[in-house]
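Chains as they are written, first to last, in this note's numbering: chain A, 1 to 344; chain B, 1 to 344; chain C, 1 to 344.
Wrong hints could be hidden among the right ones.
Note that the list lumps identical chains together, so a pair holds whenever it fits in one copy or between two copies.
[Claimed, not checked] Each computed DSSO-like pair below joins lysine-lysine, with the alpha-carbon atoms no more than 30 Å apart:
1) Lys-268 to Lys-314
2) Lys-340 to Lys-320
3) Lys-265 to Lys-320
4) Lys-320 to Lys-45
5) Lys-320 to Lys-341
Derived from the structure by calculation, the hints contain no laboratory data.
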Amino acid sequence: MSTRLGQLVESLGGQLIGSPDILVTGMAPLETAGPQHITFLSNAKLRAQAGLSAAGALILSEADHALVSATYQGACIVTANPYVYFAKAAQYFVKRNAPARIAGVHATAIVHPTARIAATAVIAAHVIIEADADIGEHCDIGAGSFIGRGARLGAGTLFHPHVTFLADCHIGERGVIQSGAVIGSDGFGFANEQGAWIRIPQTGGVRIGHDVDIGANTTIDRGALDHTVIEDGVKLDNQIQIAHNCVIGAHTAMAGCVGVAGSAKIGKYCTFGGAAMVLGHLSIADHVHVSSGSLVSRSIHEAGQYTGFYPLAKNADWEKSAAIVRNLEDMRHRLRELEKKIKP
Amino acid sequence: MSTRLGQLVESLGGQLIGSPDILVTGMAPLETAGPQHITFLSNAKLRAQAGLSAAGALILSEADHALVSATYQGACIVTANPYVYFAKAAQYFVKRNAPARIAGVHATAIVHPTARIAATAVIAAHVIIEADADIGEHCDIGAGSFIGRGARLGAGTLFHPHVTFLADCHIGERGVIQSGAVIGSDGFGFANEQGAWIRIPQTGGVRIGHDVDIGANTTIDRGALDHTVIEDGVKLDNQIQIAHNCVIGAHTAMAGCVGVAGSAKIGKYCTFGGAAMVLGHLSIADHVHVSSGSLVSRSIHEAGQYTGFYPLAKNADWEKSAAIVRNLEDMRHRLRELEKKIKP
Amino acid sequence: MSTRLGQLVESLGGQLIGSPDILVTGMAPLETAGPQHITFLSNAKLRAQAGLSAAGALILSEADHALVSATYQGACIVTANPYVYFAKAAQYFVKRNAPARIAGVHATAIVHPTARIAATAVIAAHVIIEADADIGEHCDIGAGSFIGRGARLGAGTLFHPHVTFLADCHIGERGVIQSGAVIGSDGFGFANEQGAWIRIPQTGGVRIGHDVDIGANTTIDRGALDHTVIEDGVKLDNQIQIAHNCVIGAHTAMAGCVGVAGSAKIGKYCTFGGAAMVLGHLSIADHVHVSSGSLVSRSIHEAGQYTGFYPLAKNADWEKSAAIVRNLEDMRHRLRELEKKIKP
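Next comes chain A alone, as it looks inside the complex:
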């Protein structure tokens, strides 16, 4: 289904330079876009490539428009933040082209009589919904998902197939949870009695705000006594582990394979690179950015970028540097000896 450029700009704003009657069918990357596609320029390195693009329309900044318009032949949509505009335009096309949703509960779904399902919700095949769960308007629950006793889903929340959302977990509006994610698993709590581990029942829940995305096979444990908390706008990629009683501040984003140990309190507007790890009971300020592969072993009270990973090298070079790292104290001692000898 094609769209007039004029119609798109009416919906999303931006300044259209070119004919509003050009018809486009969706987004495409710079290098493969044809006359029926819109593409975008947000990386200065791709400016020359953009100038040669065959796309029907190009989303770009005013500054880039001045530089690219000499060679680029198609229409332009000029906007302050081309990447955000691209995101919204892509959402526009996905919504237009999505297959029709038919509200209702599939015949093979098993819904407890005390659960409340909004009339506009879609409950797919083999879904199980337990007692007292509450599924909001326009929710879309993918095949084979499990929703536990007393769970609550805000309006417009989407579960992909095979989500496990256990008892006493809540998520706000417009949430997205991807396949294989487990929300509300028991926190890892044991007391040690003469070597053996005694289970500590985990009786808190999980409280997730609005506009939260949770990736595939990510796990979020329920709290021990209080809740685990994920605030509004948090974005979690795949295979992330959030332990019991963590608080993840609003609009914080974490890339794949990040782990956060129990009771860590993470600020708002933070970012974590892939496989970053945070130890338990730490506190991290707002606007902290942790690089990939870095272990946060103490609280961070000041905004900024933090890093800690061993630099990669050819294996033979690493062998040498690692051998010295193991023995740095010896090196420091020898340096001190030299300093003593030379000073007098």
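Based on the hints, put chains B and C in the right spot on chain A.
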């Protein structure tokens, strides 16, 4: 449902200082506990806070009781290990408040005629149990779980929803497996023939002892020829990967995101911090403790705490230290040159 | 079911030294193999043990045969690559002993009327197959798996139970996907608008070649606009995360817990040790080998082995070396000062 303090102490021991007729309904954290709650003090830093708690009863050590009793108004339960007592008291309340279990097989479960299901077991909706599987008394199998051919579950074992427990895997009594865990996936075994990888069938099973907990989305591979072995009392958190033919010794505990490569033999009473990694074919002694984020690249024959992660720093500082680490050999060389010059 | 050695060698090649009429039932490890078993010797350290093995037959190289034949009593199969021969022999026995497959769709599976299922395919209980999916000859789809709209599976592909294979994902012939894996989850793409994250719809698919193995709970994201690509013969272990728009070159193998960030292009015939991580938008040459626990933070243009992890030490020793690493600049400064003083 409320409990008399006297009844609790009769079940769990400890010395009650205060009225046995005080009624409590469950556990709560120090800061939010009210007169209907029990709380506990096991961290000396929280002593002042405990003194001011409004909890109906406080579990604590004899030494702490002497220090706290001046300000704290409620009843006390004095015990040698307050954290263990808290764990057991919490278990007591969870058991009392749990919804009634109704033994039997849900109408939508698919059970092979040769599988044996104990009369007291609960098999939830959409569970699949294959030929020759054996499910012990009081087992509780969560919705949508899969139990393969010849699998065996000891009495009192609990599977949360969506567990995958494949053919020829055994688990002992009182086990707990959380959602999304996969037990008995094929080990990663390939022989290389001129660049291409030839699959090695994995024909061993998984043998898991009694009182083992396995976290959400954790994976344990079956052995190549022999079994992968998890001994009694082992506790595995979420998203742990145990490769084929590992042996994890009794009462060892691993935090989230730990990985253990093939054929590693890990001792008893070990602990592994989050995201620690163990290379293949290594041997680790009993009572070894590996810090979070540390890679074990050689066998460890002596008990103790081991660590190996790059310290976190502000990114600019890390850039400097990492540049020097890359080039430590140069630094050592310069130090040697100085030593030569000075010696004579 | 037992096999004559002569029959095995007719199928798989190799030089049989001993009677072709010896009957064997399967493979076993050196230390436990009995007269009914075949075992193999591919590690020189185990030569003495092989010499004493009670196995009915031993697969080994010509050189090892010369060294072992003095003590070893059973039949020998001499071959250039005993480990590859072992893999193929194990496959031979697994195939012979596998329970009979009965082609067809289980009564509880839900198959969309527009999906095409080959007559020789097996579709197990509770499987869901959506519109326009295409399942090739001799495919075997494990219980509870989900196959999305427009997905395609080449002939002979095997899904273990509980695989999630989402819309517009393709896999070639003879693929294997293990339980809990999620193929086609949305890539982690967001544009930042004044602190809040705007979702970028992920409209690409996943294209997986022939002879690809994917481990338990591994996740492969769909591309943002283009596809994510996994080439022929790639082997991925458990709990691997492949982000959107990656290209993994043919015959590359990755051990458990590896993560690859978005748009990384990885060459052919590479290997990645467990928990290795690759940052986004990097390019890695063919025949690159990355050690376990190493973070690849820049492109690698030259074949070879690369490493970067902090060496493990007793915690007290690590504390000292880490303190110096944090302050290496000071050490370099002091070295320079000494050099200045000594030079003149």
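Evaluation of the provided hints:
1. Lys-268 to Lys-314: The answer is between: 19 Å across copies meets 30 Å, while 38 Å in one copy does not.
2. Lys-340 to Lys-320: both (28 Å within a copy, 21 Å between copies)
3. Lys-265 to Lys-320: The answer is between: 29 Å across copies meets 30 Å, while 39 Å in one copy does not.
4. Lys-320 to Lys-45: between (37 Å within a copy, 28 Å between copies)
5. Lys-320 to Lys-341: So Lys-320 and Lys-341 pass the 30 Å test inside a copy (28 Å) and across (24 Å) alike.
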